[in-house]
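Read off the chains here:
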Amino acid sequence: MGQGHSRWRKRWQNRRQGAVVCAESDLQGDITIGAKTVVHPKATIIAEAGPIIIGDYNLIEEQSHIINKKVTDADGSTMCVMIIGNHNVFEVGSYVEALKIGDGNVLEAKCKLGRLTELTNGCIIGPMCEVNIQETLPENTVIYGSNCNRRVQSDRPPTQALQLEFLAKILPNYHHLRRPTKTLPKLNP
Amino acid sequence: MAAYMEWERCLLDCSCGVSEPISRLYFCRYCLKLRCRECVSHEVDSHYCPNCLENTTSAEAKMRKNRCPNCFDCPSCKHTLSTRATTTVITDPTDKTKTTTKKVYYLACGFCRWTTRDVAMPDMTVATGGLKELENPHANWIGGVLEYYMELGQLEKVQRDKKKYAKRKTHLNLSDKYGLTSVVAKKRGMLSPASLQLKEQADKVKVRDISNRDASDAVEPLSQDYYTTDCILSDITTISQRLALVELQPEQTKNLFPSRKLLIIRRSHRCKECEHNLTKSDFNPSSIKFKIQMVAIQHIPEIRFIKPPMLVFNEESEVVLTLTNPTVIQSHVNLLPSNKENDKLVTAELVLPSSELILAPKDETVTDYGEEPSDGSAYQDDPSIVTFRKANKIGVSVKVKPTIESGNVWIAFILSHQYTNMTPMLKSESSGVSTFQLEHLVHVNLGQVSDSTAGSHSPGSRPN
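From first to last, the protein sequence lines stand for chains C and W. Counting in this note's numbering, the first sequence runs from 1 upward without gaps. Counting in this note's numbering, the second sequence runs from 190 upward without gaps.
Calculated directly from the structure, the hints in this document are not laboratory data. For clarity, every value in this text was computed on a predicted model and none was experimentally measured. Even glycine gets a Cβ: it sits at the ideal position worked out from N, Cα and C. Honestly, I wouldn't trust all of these hints.
[As the list claims (entries may be wrong)] BS3-like, lysine-lysine: derived pairs with alpha carbons at most 30 Å apart:
1) W:K480 / W:K529
2) W:K480 / W:K461
3) W:K496 / C:K110
4) W:K478 / W:K529
5) C:K169 / W:K292
6) C:K112 / W:K590
7) W:K529 / W:K267
8) W:K579 / W:K590
9) W:K251 / W:K579
[As the list claims (entries may be wrong)] A few chain C residues that don't get close to chain W, going by computed Cβ distances all over 10 Å:
10) V71
11) K100
12) T120
13) G126
14) V142
15) R151
16) P157
17) Q163
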């Protein structure tokens, strides 16, 4: 939980499959980022209350905040790990404090996800929607509208594989990338 | 400063007595009067779709029930559906090893992410026009009832006409005991061909037999499922979703269907008294220009105020009103005291400047292109009355004394200005432009009376 001592680890040692993390992004704390994930500049990932583990093929856009927030009244002994799955999209300006996010979710621009909510797979949180009740959203839920209406859709949202590929090629041409500070330690047999 | 932006602060009285802000009033230059939305008749110019901006004639629109042929509305959130394309791999039915990729299209909503695939609709093979129209299950019955009533109406019309002709006496007193009148008259050639025709028509028009749909008391008993099974909210449609599809009114979300987009109209306004056109917009739906635009803001000086004043009960304070001249002619404006008796809205006393105010003409190079305004030294201004002068705008200071302790302070005065008719009418006797003096009653809402005391509900402690 060291703040200011930033270490983030790459899962794969092979750099070809590595994540693309721009140097101008703000990363604090113990963060693990999976393969092929793209973190745009000005994205903020703060692991205050515990480590954050982000999966593969995610897209974290500008001004999005992924914060494992330290709750003031909680005792310091418990460590909360924030786990984010694969193929998620965190659009511009999204603010996420949720501890568990599954696969294939889309968090659209300027949405806010509270600490108590859990996302399963394929959920879409619409723009400017704030969801912070203690609930596990069922799969393929869409939250939209100023009243945060909900509906369940039958399909998963399409993945952004094309976009990720494009960004992985173009971003290094215009931004400095962060180098990983440490690779994953070998597991004990 | 925000008070300057509030357009509901300064209200002008229309000729019918209704107070509206200047932006909502029209000005009829034939009657030389202000017209509000009630004094104006609205006429439909054209129909167009808000999404594809396609113009439709009124007859075509009526035939299509005021719906766009190309655009669809999402049944879930009423936004516009857009067409998306995907490629599918289709195996050749004859040769199982060959596969061809084909482009298929489906409709999707960008807002709530509803797609036609959610209701198990097959993907379309063409980009536009692939969606099958929904059949109204009651279409036959409704069509039958409509035709029945049309025939009834026709029959009644024929009977009415027959009565008209039958009133003329034939001067032949033939009794109709044996039903021989018409036969005899026909033989003798007495009956007029017109009445003959009518009679024939009346015989021909046979109203079809429509079986009445009787309401019955026998209703199916409520199935036990309503009590035992859980209700899944996401499967049930909301009332607004149901009523958007009036023919079907589906109860389950899996039966939702996209509906065609409703057309909206472009209208033109006409003065009710003199029947002249006040506004007429361009034919092209994507153009916002007007062919004829006779709105008040282009002819009447606009009154606003910048800083909300400090209003204290029974104390005189200074308020600066800005007057803007919209015309290209120098304008002479007088602010006169209101002559309306028993004006319940007015809650303050007003001291107006007695001298005439001169407003510079509107210079388009300054207002539209941002060039430097000309120096206002050409006008001799009394600094106690005219606080500032900039291009076609001046600031006038008036003294206001609220007569109420709390609430909104309204002042009323008459704005008297010159109106020059730039485009002379054909009927006028003078060949050149004519100038008229117009007067309008203005009400201005200056804001709340501020309390200089601590508690607003203690009327005893008041500064005197």
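- Which numbered hints are broken by the structure, listed smallest first? 1, 3, 4, 6, 7, 9, 13, 14, 15 and 16
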